[in-house]
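Sequence order for the protein chains is B and G.
Counting from 4, one number per residue, gives the positions in the first sequence under the numbering used here.
Counting from 448, one number per residue, gives the positions in the second sequence under the numbering used here.
Hints are supplied without guarantee of correctness; some may be wrong.
[Unchecked claim] Quick list of the computed label-pair ranges, beta carbon to beta carbon:
id, chain 1, residue 1, chain 2, residue 2, range
1, B, 531, G, 592, 49 to 59 Å
2, G, 495, B, 693, 53 to 63 Å
3, B, 663, G, 556, 53 to 63 Å
4, B, 668, G, 580, 51 to 61 Å
Read the hints as simulated data drawn from the structure, not as lab findings.
From the three backbone atoms N, C-alpha and C, an ideal C-beta is built for every residue, glycine too.
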Amino acid sequence: MAASACLTLAALHLLVWSRRRTAWASLLFSLASVGTAALAGCELWMMRSQTPAEYGMALRWLMAAAWVVTVSLTGFALVYLRAGRSWLAWTVVGARTLTLLADFGSAPNAAYLEISSLRQVPFLGEAVSVAHGVPNPAMPFAQLGLLLFLAFIADTSLSAWRRGDRRQALIVGGGMILVATAGMIESVLVFREIVHRPFTAAPFYLALVAAMAYQLSEDVLRASRLSDDLREREQQVALAADAADVGLWVWTTPQDTVWGTEKLNPMLGFAPGEPISGEAFLTRVHPEDRAPTRQALRRALDEKSDYSTEYRVVLPDGRQRWIATRGRVEKAEKRGSLRMLGVCMDITHRKQAEEQFHLVVEAAPSGVVLMNPEGRVVLVNRETERLFGYTRDELTGQPVDVLVPERFRGDHPGYHAGFLAAPQARAMGLGKELLARRKDGTEFACEIGLSPIERGNESLVLLAVVDVTARKRDQAEMLRLRDALAHAGRVSTMAQLASGLAHELNQPLAAILRNAEAAELLLQKSPPDLVELRAILADICKDDHRAGGVIDHMRAILTRRAQEHVELDVAELVDDVLVLVQPDAASRKVRLGVEVPESLPPVRGDRVQLQQVLLNLVLNGIDAMADVPAEQRRLVVRARPASAGTIEVAIADAGPGVAAAKLERLFEPFFTTKPNGMGLGLPISARIIQAHGGRIWAESSAAGATFYFTVPVSGAA
Amino acid sequence: MTKASPEGTVFVVDDDASFRTSVSRLLRAAGHQVQAFASASDLLQGLPATGPGCVVADLQMPGMSGLELQAALAESGNPLPVLFLTGQGDIPTSVTAMRLGAEDFLTKLAPKKVLLEAVSRALARDARERAERARGQAARARFETLTEREREVLEHVLRGQLNKQIAGDLGIHERTVKLHRTAITNKVGVQSVAELTQLWLLAFPKGQ
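Please take these sequences and the hints and turn them into a complete structure.
What follows is the structure in C-alpha cells.
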C-alpha cells in the first residue's frame, strides 16, 4: 500500500517533469519515490523469504533500491536546495556505486558473505524471516557511503539554511538526515545481528518521501498562486496603463516582436490587434524623427541603458501625434536575446501647449527671460535678443546677471533669491529706475515684471523686460512742457495785470509830473502866477489820490471774487494744495512734508483764496530752494492751534532765508527777491489773510525761511 | 528854461482831462500857445483852416485813435506835424506812426526837456513846410498865367526836347515854338530852362 502511494507520487512528479523539462527536482523525486517503493517491496520479499538464498537475493535487490534512493536524493538535494558541493555529491554517488558493485560482485550480497540459516521471529503479529550468517566485510563501505551522504546533506542544508530557505532546508535536509541516520543504524543493528528483527528502512523513507511530496506540492501551489498573482498584476498594470492613457510594451530582439497593452496600437497608428514590430513602428515615426529614434533605440540596446525619446508619429489619416517613450533594457530568458520594457505617452497636447507658449513668448512685445532657481537663463525671446543684442544661444545657460550693469550685480542675486523665497507676481521698476546692460556694455532704463512659474518641482521665474527709455523721455518732455505752460500762464496773467496797472497808473503819474514841471516853469516868472500854481497843486493832489485809487482798484480786482466763507478742514486744504504742487516739487527734487494733526478744529474761510495763499507760499518756498543742494530741498507744511481761536499754518523751506531788512518789506507790493518775480504774490496773500481776519508774517533763520499765517477757527467770533 | 519858441499853436488832444490840463499848463508855461481838445474829432472840427502849429496827441484814445487823426490831418488843408505821447509805447505802433510822418513818439513820463524840444522841433518843421507850401503856391500861380498852347510847349521843354522836335510833335513851325518859349519865360519870370525846371518842381512837387 505504501509502495503504491509512492508510485502514485512518482508518477505524478514524472508527469510534472515531462511537462516542464527543467523541473529536475520532480524527476529526481520520482526516482526517489520509485526507489522507496522498490525498497519497501524488497523488505517485504526478505520477510517472506523461505530460504537463505531467497533472502540473500532480496537483500541484494534491496541494496540496489537503496542505491537508487540515495543517488536520487543526493541529486534532489543538489537541485532542490540549490546548494552543496558537487564533488561531495559525486563522492557519495561513487561510494554508493562501489557498495552496489560489491553487492552484485559477492555472494549473496553486500551484507553477508554467507547466510547460513533463516530464523522466524515475530513481527507485528506475524512470523517473519530473519537471516543468520557471516557479515560481509564490504558492509562498512555501504555505511561509509551513507555517512558521506549524511555529510553532504548536512552541508547542503546548512548552506540553504544560511541562504534563508529555512523551511526547505529543515524539511528536506533534516528529513533526509534523520531517515538516513535511522537507516544506517538499523542496517548495522540488523545485519550485524545485534538485534533479531527484520530490516525495515522503507517506512522511514516513505515518511521522507511524504514530507518531500508535501514540500513539493507546496511549491507547486505557491507557483500557481504566483502565476495567478502575476496574471492579476499584469491585468492591473494594463488597466492602469489604459486609464493613464499610456501604452505599455515589451519588445524582444532580435526576434523583433512587440507585446503591448490595448492603448499602444491606436497610439502608434496601428489597427487594434495588428502585430507590431520594431521596424513597423519606425515606419510610423515622422521621417524627420526616424533616424534619431532609431539611434536612441540602438544605443539603449548596445549600452543596456535606459531609453527616452520624444518623436512624432504620422497616423494613417495623416494627422501627427507627439509621443514620449521611456524604456529599459533587460536580458530575456532566451540566450542572446534582449527585452526592452517601456511605456508610450501621447504628449501632443503638451507639445501643442509648449508650441503655443513659445509662439506667445516669441511674439511678446516685451523681452521675456525665463530664469531657473540658480539664476540662469533658460529661455529668451526675440525681443530680448533685440533689446540686449545677444543671440539666444549666447544667453541660454548664462547667469541672468549678465543683463545687469556690473555695479548692481552684487545686489541682484540676493534680490532674486528673495523673490524665489516668496514668489509672487510683481512689477518691478515702478517708481524705481532699473538699468539693464546690453551686450555692447551700453545701458538702458527698463521696467521688469516678475512672475513665478512652477514647472514640475522646479521654480522658474519669468522676467518681462520693457525698455522705458522712450517713455521716460516723453514723460520728462511732458513735465517740462507743463511747467513751461504753467509758468507762461502765470507770467502772462501777471504781465497783463502789470501792464494794466502800469497804464492806469501812468495817467495820474504823468499828470503829476507835467503839473510839477509847469509849476517849476511858472515859479521862474516874476511875478509867478499864484492862481495857476494853486490850481496846479490841487491837481497834483487830485492825481495822487487818483493813483492811489488805481492801486485800490487793482487790489479789488485781484480779490474780486465774492468771498464764500465755509467750514474748512486744514488737513484737506493742505493736501489739496500739495497734490497740485507735487509734480512741480518732484521735478525740482523737493521733498514735501506735512505735519498736520488730525484733531485740528475746522477753520472758516474761502477755500479757493486760502488755497491760493498756501499755493503761493509753497511755490515761493520751492523757488527759494533752487540753489540749495538737492538732498537738502525739503519743504514742510505744519499746522497747529494758536492763540485766540486760530489755527496757525507754517510753511518752512530750507532755502537761504531772507535778510532781516528785506523781511519787513516782503509784503509790500512790487517788492521781490526773485529775479523774475512781480512782487505781487505776498501782498495779495496778505490781503486775503487780512480779509479772513488772520495774520501773515515771515521769519528767517540759517535753516531757511518760514512763512506763517493764521485763520480763525470756525465758530470763534 | 524859457526860450523864444517859433510861431504857432500847440493843439493838445487827450481823453484824460488831468493829463490834458497838466501838459497844456506846462507848454503854456514854456511860452507856447495851447489849445486843448478831449478827442481827435473835436480837434479836427476846431482846427483853423490855416495857421501854424503842431499837434500833441495821445496815441490811445476812445473814438478816433492817434494814428487815424494823423492820417486825417495829412489829408486836410492844414497838415500839422503830430507828436505822439503814450502811456506805454509799443514798437509796432510807434513804427507805423513814424512811417506816417509823425514828428516824434514819446512816453507821457518823458523828461520835460525832451518833450519841449520835440514840440519846438515840430513847430519849426511846420513853419518850414508852411513856407515851402507858400512858395509852391506862388509858383503854381505863375504857371497858371500861361495859355493852353504855351503849357503844351512847356511840357515838351521840361522833357528836354529841342525846338525842332517840339515843332514836329505839335505840327507847328519851329519859329512859332521859339515865340512860345519866349512868352513862357517872360510870363513866369525866369531866365533859363534850368530855372524854369526848378520853379516847376517847386510848384508841382509830386510831378503834376
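Flag every earlier hint the structure violates by its number, smallest first.
3
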